[in-house]
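Chemist: Each chain, written out:
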Amino acid sequence: MKRIIPIVVLTLLCISCADNERTSAAAPPGPADQVLITSAGASFPYPIYSKWFDQYHRMFPQININYQSIGSGGGIRQVMEGTVDFGASDGPMTDDQLKQAKIKILHFPTVLGAVVPVYNIPGVTQEINFTPEVLAGIFLGKITKWSDPELKKANPAVNLPDKNIVVIHRSDGSGTTYVWVDYLSKISPEWKSKVGVNTSVNWPVGLGGKNNEGVAGLVKQTPNSLGYVELIYAIQNKMSYGKVRNSEGTFVKADLASVTAAAAATVKTMPADFRVSITNSPGKDAYPISSFTWLLIPSKIQDQTKKKVIKDFLQWMLTDGQNMVEALSYAKLPKEVVAMEQKALASIE
Amino acid sequence: MDSPSTVAGRMGARSRARAFRQRLQHGDQIAHLITLIFAATIIVITALLFYELYTSAAPTREKFGWRFLTGTTWDPVALDFGALPFIYGTLVTSALALIIGVPLGVGAAIFLAELAPLRLSAGLAFIIELLAAVPSVIYGLLAIFTLVPFLREYVTPLLGEIAGFIPLFQGVSYGVSLLAGGSILAIMILPFIISISREVLLAVPRDQREASLALGATRWETAWNVVVPYAKAGIIGSIFLALARALGETMAVTMVIGNDPRINLSLFAPGYSIAAVIANEFSEATSGIHISALIELGFVLFCITIVVNAAARLLILTTRRKALGA
Numbered sequence: 001m002k003r004i005i006p007i008v009v010l011t012l013l014c015i016s017c018a019d020n021e022r023t024s025a026a027a028p029p030g031p032a033d034q035v036l037i038t039s040a041g042a043s044f045p046y047p048i049y050s051k052w053f054d055q056y057h058r059m060f061p062q063i064n065i066n067y068q069s070i071g072s073g074g075g076i077r078q079v080m081e082g083t084v085d086f087g088a089s090d091g092p093m094t095d096d097q098l099k100q101a102k103i104k105i106l107h108f109p110t111v112l113g114a115v116v117p118v119y120n121i122p123g124v125t126q127e128i129n130f131t132p133e134v135l136a137g138i139f140l141g142k143i144t145k146w147s148d149p150e151l152k153k154a155n156p157a158v159n160l161p162d163k164n165i166v167v168i169h170r171s172d173g174s175g176t177t178y179v180w181v182d183y184l185s186k187i188s189p190e191w192k193s194k195v196g197v198n199t200s201v202n203w204p205v206g207l208g209g210k211n212n213e214g215v216a217g218l219v220k221q222t223p224n225s226l227g228y229v230e231l232i233y234a235i236q237n238k239m240s241y242g243k244v245r246n247s248e249g250t251f252v253k254a255d256l257a258s259v260t261a262a263a264a265a266t267v268k269t270m271p272a273d274f275r276v277s278i279t280n281s282p283g284k285d286a287y288p289i290s291s292f293t294w295l296l297i298p299s300k301i302q303d304q305t306k307k308k309v310i311k312d313f314l315q316w317m318l319t320d321g322q323n324m325v326e327a328l329s330y331a332k333l334p335k336e337v338v339a340m341e342q343k344a345l346a347s348i349e
Numbered sequence: 001m002d003s004p005s006t007v008a009g010r011m012g013a014r015s016r017a018r019a020f021r022q023r024l025q026h027g028d029q030i031a032h033l034i035t036l037i038f039a040a041t042i043i044v045i046t047a048l049l050f051y052e053l054y055t056s057a058a059p060t061r062e063k064f065g066w067r068f069l070t071g072t073t074w075d076p077v078a079l080d081f082g083a084l085p086f087i088y089g090t091l092v093t094s095a096l097a098l099i100i101g102v103p104l105g106v107g108a109a110i111f112l113a114e115l116a117p118l119r120l121s122a123g124l125a126f127i128i129e130l131l132a133a134v135p136s137v138i139y140g141l142l143a144i145f146t147l148v149p150f151l152r153e154y155v156t157p158l159l160g161e162i163a164g165f166i167p168l169f170q171g172v173s174y175g176v177s178l179l180a181g182g183s184i185l186a187i188m189i190l191p192f193i194i195s196i197s198r199e200v201l202l203a204v205p206r207d208q209r210e211a212s213l214a215l216g217a218t219r220w221e222t223a224w225n226v227v228v229p230y231a232k233a234g235i236i237g238s239i240f241l242a243l244a245r246a247l248g249e250t251m252a253v254t255m256v257i258g259n260d261p262r263i264n265l266s267l268f269a270p271g272y273s274i275a276a277v278i279a280n281e282f283s284e285a286t287s288g289i290h291i292s293a294l295i296e297l298g299f300v301l302f303c304i305t306i307v308v309n310a311a312a313r314l315l316i317l318t319t320r321r322k323a324l325g326a
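Going down the list, the sequences are from chains A and B. Going by this note's numbering, the letters in the first sequence line up with residues 1 to 349, in that order. Going by this note's numbering, the letters in the second sequence line up with residues 1 to 326, in that order.
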């Protein structure tokens, strides 16, 4: 009996060794020990991020990347304080914020999203065209009726009612709002001087709904209303949304191709730190209310294992990871941007 | 010479030690100490909360001073912050909640405690207490999907027609409004008012009722003229507890109030409450002064609830004294 025990133990050991070898053979080289990376930030890209981190964990079981979607503001604050390994944001950090941060922070675009105007006009089933002037006018409170001549001019075939427009905006601070008002301030000097750009602003008119659901709910319920939600949200909830006239004069409906086109059009002017707004970008097919969303990575990472894991993950995200984004209705990064980012990876020390 | 006194002193010390040990064994001292620590914890937490809110709000206080309380703009881009629209929205929705909720709640409590058969009363009380445990986001959903359309389609047009000459009931209504916020708050505070008031009414001594009935009063006269005045202090207490809850309610209110930081006299217009703006903007606030302004709003809300609670205490004290005097 006594002899059997060591034999059993030995066999078990051998099996477990063999097991170890098998996993390490199947997966590309990764760290030997468990690595836990913490991150936090924007909620807009949360579905794709959680999918990526989950997939990455399946490929490398020893790597756990924990992401909390606490909002872009929270992501920026936490990465500035150094309480997370990296952050995420829908709007680029401001110069002031970069200066205040304890370490230099790099921006890495991950996917693209768009914001679309959604409306509810009883009796109107056709798609509505919006010009920049109309959108700015409505949100400034200057265009108050659906039958306004400006709207009629853009939609000659639609029988628009003589009803007041109920404007609906986000009440919570959000990257969606940031993109929307960033666009409005580019096309309307009045918006720029009167309201400005932020994740939450002092709205001249309108009702506030909490989150995409809140805005969508209010739009669906309130006759003759106009609001804005993320493209993904509109697609997933089968909401009808309007075309927007881009800077070259064509009315474009937001979809994955037109959003990627907006990013591709700005490649030539892309700054080295990727902090760029692509709203109202040039390009015949570009949807004008599009935006990158960014990961905020510290340029110096003390922990060597973590540094390697983060760099490897970014590399994977830019290559294989990009193939997963369209299934979740995000637009892919243009190839040129991916190439630029891969170069920028080297600057993480 | 001095030896007897030292002996006495030593003996005194010894007996004192023994007495202390004895008292320890009885547990009084320990119980006293432990409960004191618990009680102190609450005070310390409140004090810390006050201190933390006060110090974190320093940047806004320095920049705006008292103007913060009277300012009516809330502009996170220009970093110009004024709290008045939020204070107004909070007070109006809470007042509205009390105006709708108190008659309903106290009436229901009187029915349950005095007039309803015991079995019905016990059953209903159980259900009402369940209502108090429903998460506020559920109430918010209820409000969005049923209350808001109901208000928009039926209530506000009717109110506008009947009482449209009063500024409170003028203008177009989109459903989401101060009125919707106040109404959902009224529904949410009902369980508190009903269940506490019912308990208080049930605690009124039996001989009070019997005396009144013996004098020839009807059951309703007994309930209204004898039992309710006797329980007045407790009922007022329940109302103020409900008010405190209404002041701080966040989720349900932000879902239906319209979130528009403007002061509108009309109840049909959208508004904004303090708790709602904190919940809405805190997670995405990036600039220091914006965060500090939100914290100062929290501080203002804290002060409002303290004032309300103090007022409640005073009111209960005076009614009790009056009752005793009479």
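Careful: at least some of the hints might be erroneous.
What the hints assert, rightly or not - The list that follows gives simulated cross-link-like pairs (lysine-lysine, DSSO-like), each with its CA atoms no further than 30 Å apart:
{"id": "1", "chain 1": "B", "residue 1": "Lys232", "chain 2": "A", "residue 2": "Lys99"}
{"id": "2", "chain 1": "A", "residue 1": "Lys192", "chain 2": "B", "residue 2": "Lys322"}
{"id": "3", "chain 1": "B", "residue 1": "Lys63", "chain 2": "A", "residue 2": "Lys102"}
{"id": "4", "chain 1": "B", "residue 1": "Lys322", "chain 2": "B", "residue 2": "Lys232"}
{"id": "5", "chain 1": "A", "residue 1": "Lys300", "chain 2": "A", "residue 2": "Lys335"}
{"id": "6", "chain 1": "A", "residue 1": "Lys284", "chain 2": "A", "residue 2": "Lys307"}
{"id": "7", "chain 1": "A", "residue 1": "Lys268", "chain 2": "A", "residue 2": "Lys220"}
{"id": "8", "chain 1": "A", "residue 1": "Lys307", "chain 2": "A", "residue 2": "Lys238"}
{"id": "9", "chain 1": "A", "residue 1": "Lys284", "chain 2": "A", "residue 2": "Lys268"}
{"id": "10", "chain 1": "A", "residue 1": "Lys307", "chain 2": "A", "residue 2": "Lys102"}
{"id": "11", "chain 1": "A", "residue 1": "Lys194", "chain 2": "B", "residue 2": "Lys322"}
{"id": "12", "chain 1": "A", "residue 1": "Lys335", "chain 2": "A", "residue 2": "Lys311"}
To be verified - Calculated Cβ distances over 12 Å to all of chain A for the following chain B residues:
{"id": "13", "residue": "Leu33"}
{"id": "14", "residue": "Asp80"}
{"id": "15", "residue": "Pro117"}
{"id": "16", "residue": "Ala132"}
{"id": "17", "residue": "Ile144"}
{"id": "18", "residue": "Val148"}
{"id": "19", "residue": "Val155"}
{"id": "20", "residue": "Val176"}
{"id": "21", "residue": "Asn259"}
{"id": "22", "residue": "Val277"}
{"id": "23", "residue": "Phe282"}
{"id": "24", "residue": "Ser283"}
{"id": "25", "residue": "His290"}
Hints listed in this document are in silico derivations from the structure and should not be mistaken for laboratory results. Don't be surprised by glycine CBs; every beta carbon is placed ideally from N, CA and C.
Chemist: Now tell me, hint by hint, if it's right for this structure.
Modeler: Do the hints match the structure? See the list:
For the hint pairing B/Lys232 with A/Lys99, the CA-to-CA distance comes to about 61 Å; that exceeds 30 Å, so the pair is violated. For a cut-off of 30 Å, the pair hint linking A/Lys192 to B/Lys322 is broken: about 62 Å separates their Cα positions. For the given pair, B/Lys63 sits about 26 Å from A/Lys102 by alpha-carbon distance, which is consistent with the 30 Å threshold. Annotation: proposed proximity of B/Lys322 to B/Lys232 holds, straight-line Cα distance about 11 Å (limit 30 Å).
Note on A/Lys300 and A/Lys335: the hinted pairing holds, with a Cα-Cα distance of about 26 Å set against a maximum of 30 Å. Only pairs whose Cα atoms come within 30 Å are accepted, and A/Lys284 paired with A/Lys307 is rejected, the gap being roughly 41 Å. For the hint linking A/Lys268 to A/Lys220, the alpha-carbon distance of about 40 Å lies beyond 30 Å, and the restraint is violated. Proposed proximity of A/Lys307 and A/Lys238 is contradicted: the alpha carbons are some 41 Å apart, above 30 Å.
Distance restraint check for A/Lys284 and A/Lys268: the Cα-Cα separation of roughly 16 Å lies within the 30 Å cut-off, and the hinted pair is therefore satisfied. Distance restraint check for A/Lys307 and A/Lys102: the Cα-Cα separation of roughly 18 Å lies within the 30 Å cut-off, and the hinted pair is therefore satisfied. Between A/Lys194 and B/Lys322 the CA atoms are separated by roughly 57 Å; this puts the pair beyond 30 Å, and the hint is violated. About 19 Å separates the Cα atoms of A/Lys335 and A/Lys311, which keeps this hinted pair within 30 Å; it holds.
Listed as a non-interface residue, B/Leu33 keeps its Cβ farther than 12 Å from every Cβ of chain A; the least gap is roughly 38 Å. The beta carbon of B/Asp80 sits about 8 Å from the closest Cβ of chain A, which is not more than 12 Å, so the claim that it is off the interface is violated. Non-interface status of B/Pro117 relative to chain A is upheld: no Cβ of that chain comes within 12 Å, the nearest being about 42 Å off. Taking the minimum C-beta to C-beta distance to chain A, about 24 Å, the non-interface status of B/Ala132 holds against the 12 Å cut.
Distance check for B/Ile144 against chain A: the nearest CB is about 6 Å away, which does not clear 12 Å, and the non-interface claim fails. For B/Val148, the requirement that its beta carbon stay farther than 12 Å from each beta carbon of chain A is not met, with the minimum near 7 Å. Remark: the non-interface label on B/Val155 is consistent with the geometry, its nearest Cβ contact in chain A lying 15 Å away (cut-off 12 Å). With a least CB separation of 6 Å from chain A, B/Val176 falls inside the 12 Å interface cut-off, contrary to its annotation.
With a least CB separation of 3 Å from chain A, B/Asn259 falls inside the 12 Å interface cut-off, contrary to its annotation. Non-interface status of B/Val277 relative to chain A is broken: a Cβ of that chain comes within 12 Å, the nearest being about 8 Å off. Not every CB of chain A lies more than 12 Å from the CB of B/Phe282, the least distance being 8 Å, so the non-interface label is violated. A beta-carbon of chain A is positioned within 12 Å of the beta-carbon of B/Ser283; the least distance is around 4 Å.
Here B/His290 does not stay apart from chain A, with its beta-carbon only about 8 Å from theirs, under the 12 Å limit.
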